[in-house]
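Q: Below, each chain spelled out in residue letters.
Number of protein chains: 2
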Amino acid sequence: MSRGGVGLVAAQRMAFDTPLELRSGGVLNHYDLVYETYGTLNADASNAILICHALSGHHHVAGHTDPDNIEKTLGWWDNIVGPGRPLDTDRFFIVGVNNIGGCHGSTGPKSLNPTNGKPWGADFPLVAVVDWVHAQARLADRLGIRQWAAVMGGSLGGMQALRWTITYPERIRHALVIAAAPNLTAENIAFNDVARQAIITDPDFHAGHYYEYDTHPWRGLRLARMLGHITYLAEDQMAEKFGRKRRAGAGSYGFDVEFEIESYLHYQGDKFAGWFDANTYLLMTRALDYFDPARVAGGDLAAALAVAQAKFLVVSFTTDWRFSPERSREIVNALMKYKHDVSYAEITSPHGHDAFLMDDAHYHAVVAAYLRNIEL
Amino acid sequence: MSRGGVGLVAAQRMAFDTPLELRSGGVLNHYDLVYETYGTLNADASNAILICHALSGHHHVAGHTDPDNIEKTLGWWDNIVGPGRPLDTDRFFIVGVNNIGGCHGSTGPKSLNPTNGKPWGADFPLVAVVDWVHAQARLADRLGIRQWAAVMGGSLGGMQALRWTITYPERIRHALVIAAAPNLTAENIAFNDVARQAIITDPDFHAGHYYEYDTHPWRGLRLARMLGHITYLAEDQMAEKFGRKRRAGAGSYGFDVEFEIESYLHYQGDKFAGWFDANTYLLMTRALDYFDPARVAGGDLAAALAVAQAKFLVVSFTTDWRFSPERSREIVNALMKYKHDVSYAEITSPHGHDAFLMDDAHYHAVVAAYLRNIEL
Chain G
487 MSRGGVGLVA AQRMAFDTPL ELRSGGVLNH YDLVYETYGT LNADASNAIL ICHALSGHHH
547 VAGHTDPDNI EKTLGWWDNI VGPGRPLDTD RFFIVGVNNI GGCHGSTGPK SLNPTNGKPW
607 GADFPLVAVV DWVHAQARLA DRLGIRQWAA VMGGSLGGMQ ALRWTITYPE RIRHALVIAA
667 APNLTAENIA FNDVARQAII TDPDFHAGHY YEYDTHPWRG LRLARMLGHI TYLAEDQMAE
727 KFGRKRRAGA GSYGFDVEFE IESYLHYQGD KFAGWFDANT YLLMTRALDY FDPARVAGGD
787 LAAALAVAQA KFLVVSFTTD WRFSPERSRE IVNALMKYKH DVSYAEITSP HGHDAFLMDD
847 AHYHAVVAAY LRNIEL
Chain C
487 MSRGGVGLVA AQRMAFDTPL ELRSGGVLNH YDLVYETYGT LNADASNAIL ICHALSGHHH
547 VAGHTDPDNI EKTLGWWDNI VGPGRPLDTD RFFIVGVNNI GGCHGSTGPK SLNPTNGKPW
607 GADFPLVAVV DWVHAQARLA DRLGIRQWAA VMGGSLGGMQ ALRWTITYPE RIRHALVIAA
667 APNLTAENIA FNDVARQAII TDPDFHAGHY YEYDTHPWRG LRLARMLGHI TYLAEDQMAE
727 KFGRKRRAGA GSYGFDVEFE IESYLHYQGD KFAGWFDANT YLLMTRALDY FDPARVAGGD
787 LAAALAVAQA KFLVVSFTTD WRFSPERSRE IVNALMKYKH DVSYAEITSP HGHDAFLMDD
847 AHYHAVVAAY LRNIEL
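Residue numbers (the working numbering), protein chains in the order written: chain G, 487 to 862; chain C, 487 to 862.
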């Protein structure tokens, strides 16, 4: 990166008192959204970009939150947001938001249930992608943003961008749908199911009310994350990085860590289980499972997307086997059927699904060029 | 199948008192092997075929064990063994054996440790593929079989067949290596690692001594099997069979079973956890991880296989992503380098890794033709 990022940032909180009716039938009468912004909203509020997060993401997209600990407190997509970066904060006003059901400050399973004053836990209503979009629209209202210049996200975040074009077609000029899919395959759901079952059958889950027992189903969450990591990485990348390399001191022929790949997965699993909330993990994976905008159109994605007015940039990565290029092309083909304006880039990358988070020159150049051409 | 199978069968048991030194450094002073045989050994014992089992297999390969419950007690590879079937019991004498460390009668973690009279549990020594081959060779000695007409297996069973050609080159005339690989990739090991961690971190694992607590880490074993099933099936097959189909009564937007694929995985996981032993699962997956016959030759598989005298049939399946055709071709190419006699068939099948167990006409015809040409 040729220039610095957005520097020190701080989260903001906004309270909402208009009931939010959820796809699941539940209602949230009050909820908070935690968000961050970077750059300056222009006079006619035409330069705002919303960044939607994926399974384990949150509102802290860019910059750092601790000047004494910059590297460790950088946002999860810092490499793409900042002055002179593809999401150029000299030009755009960027909004990152923690979705409802999350565990980073917005109302979620860890929040107190107003009916009994205890954490919601498993009683928190299931949230769908469209619910997040509605909540994000209300945040936009309060920020004075009638129409987003763009909504952008990777993976589950890309699904939110796609949903925006259907639910609020007049409020989004561009959708950047990165490493996403129009719905999950049976195999995708199967991996999510194993992850959820690991959490739900952990004795420390306590039917989702573990907060009251002052515990956390860390075993299950750790397994879920380990499994997730396998699907985020490309097989060849894993082979190159870890191969069959033994750990120093290995060779005991036992069940301790013997191979480097095991050490990596345990580290990732332990770290994640230490900071993420298990109920949020359940809820986010279920939102993924249910996402299927074509369903109301009898499975016809082109028909479901017919109402969209936005222009699209769809990006996939060659070695992504979680949401493969084939799945992105389904979106592109559906959009082309009714002559939507869609650009598509298939980026050669060794990094599997995780590629969407990487500082890849070609990928970033594609995003930068697309956004540079947006008229404000 | 045009004709019936081998009919009612019964397992036999053989006790061994010559210490077996294991790759891990452990020693088994006494051990039992449980096995079955089908067909008749000819006068010069030249018609014997050994079938090696995979992760969850055992000695009961063919026929049934309960005349009142034939379908439910059929052997796991019954479709390929019997009079007129590819492994023709009118011609061959077939031996199925439960490997050491197994949970179907041969000495394993459930057996009593002679030093303290309690089940071995986690103290059972780790067993490598080569140890199984040595034990199988001793069984052959006792059965009067100096040289196998063939050793055959799928998956981990195929690895045993491959190992036979290196360890006892003069005792095997043909190796049938089906849906196997010369070693595990980092991704293969990663999936095994998640499965093992699910078992080991289950509170009912009790450091591998759960027998003494009259319990079993069924949660972990269930997760391990669910995950295994994802890797045994092909993605397209899963999409075709389950897709995004909801269960009858689904639509509750919750964490209960909503999709057919979840129902399938839970059923498979529950069933397996009810009959398989968790310590055996750990041990078998570790044997897979460690298998790497090329290692002693500095990673040169061709060099490692140079000593082989057997002829080879290598079979892979197009949609197998656990041990893909590419991995089988590594074996074929290594064999061709030093002019070994090798036939290779890449079978078009929708059934992923599980294809090796299926009654596929082309696949069975290839195996039948190969075996028909074996001179006795």
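Don't read these hints as lab results, they were simulated from the structure. Worth double-checking, as some hints may not be accurate.
The list makes no distinction among identical chains, and a pair is therefore deemed to hold if it is satisfied within one copy or across any two copies.
[Unchecked claim] Below are the DSSO-like pairs computed for lysine-lysine, each with C-alpha atoms no more than 30 Å apart in a straight line:
| no. | residue 1 | residue 2 |
| --- | --- | --- |
| 1 | Lys823 | Lys797 |
| 2 | Lys604 | Lys797 |
| 3 | Lys558 | Lys731 |
| 4 | Lys797 | Lys825 |
| 5 | Lys731 | Lys823 |
| 6 | Lys727 | Lys823 |
| 7 | Lys823 | Lys558 |
| 8 | Lys596 | Lys727 |
| 9 | Lys757 | Lys797 |
| 10 | Lys727 | Lys558 |
| 11 | Lys757 | Lys596 |
| 12 | Lys823 | Lys757 |
| 13 | Lys797 | Lys596 |
| 14 | Lys727 | Lys757 |
| 15 | Lys757 | Lys731 |
Q: The structure should be examined with respect to each hint, and the outcome stated for every one.
A: Status of each hint after checking the structure:
Taking identical chains as interchangeable, the C-alpha atoms of lysine 823 and lysine 797 lie at most 30 Å apart only when both belong to the same chain, with a minimum of 14 Å there against 55 Å between chains. Proximity of lysine 604 and lysine 797 under a CA criterion of 30 Å is satisfied in neither setting, with 44 Å inside one chain copy and 70 Å between copies. Taking CA atoms no more than 30 Å apart as the test, lysine 558 paired with lysine 731 passes inside one copy only; the shortest distance there is 28 Å, against 43 Å between copies. In the homo-oligomer, the alpha carbons of lysine 797 and lysine 825 lie at most 30 Å apart inside one protomer (10 Å), although the nearest pairing across protomers, at 59 Å, exceeds that limit.
In this assembly of identical chains, the alpha carbons of lysine 731 and lysine 823 lie at most 30 Å apart only when taken from different copies (26 Å versus 48 Å within one copy). For the homomeric pair lysine 727 and lysine 823, the shortest alpha-carbon distance between copies (28 Å) is at most 30 Å, but the shortest distance inside one copy (41 Å) is not. When the C-alpha separation of lysine 823 and lysine 558 is checked against a cutoff of 30 Å, the pair qualifies neither within a copy, at 45 Å, nor between copies, at 51 Å. Neither within a single protomer nor between protomers do lysine 596 and lysine 727 lie at most 30 Å apart by alpha-carbon distance, with minima of 37 Å and 38 Å respectively.
For the identical chains of this complex, lysine 757 and lysine 797 are neighbours neither inside a copy (39 Å) nor across copies (50 Å), given an alpha-carbon limit of 30 Å. For the homomeric pair lysine 727 and lysine 558, the shortest alpha-carbon distance inside one copy (23 Å) is at most 30 Å, but the shortest distance between copies (45 Å) is not. Taking the shortest alpha-carbon separations for lysine 757 and lysine 596, only the intra-copy value of 19 Å comes in at or below 30 Å, while the best inter-copy value is 35 Å. Proximity of lysine 823 to lysine 757 under the C-alpha cut-off of 30 Å is found in neither arrangement, the shortest distances being 45 Å within a copy and 46 Å between copies.
Neither within a single protomer nor between protomers do lysine 797 and lysine 596 lie at most 30 Å apart by alpha-carbon distance, with minima of 37 Å and 63 Å respectively. In the homo-oligomer, the alpha carbons of lysine 727 and lysine 757 lie at most 30 Å apart inside one protomer (20 Å), although the nearest pairing across protomers, at 36 Å, exceeds that limit. Within a single copy, lysine 757 and lysine 731 get their C-alpha atoms as close as 22 Å, which meets the 30 Å cut-off; across copies the closest is 35 Å, which misses it.
In summary, the structure is inconsistent with hints 2, 7, 8, 9, 12 and 13 from the numbered list given earlier, while agreeing with the others.
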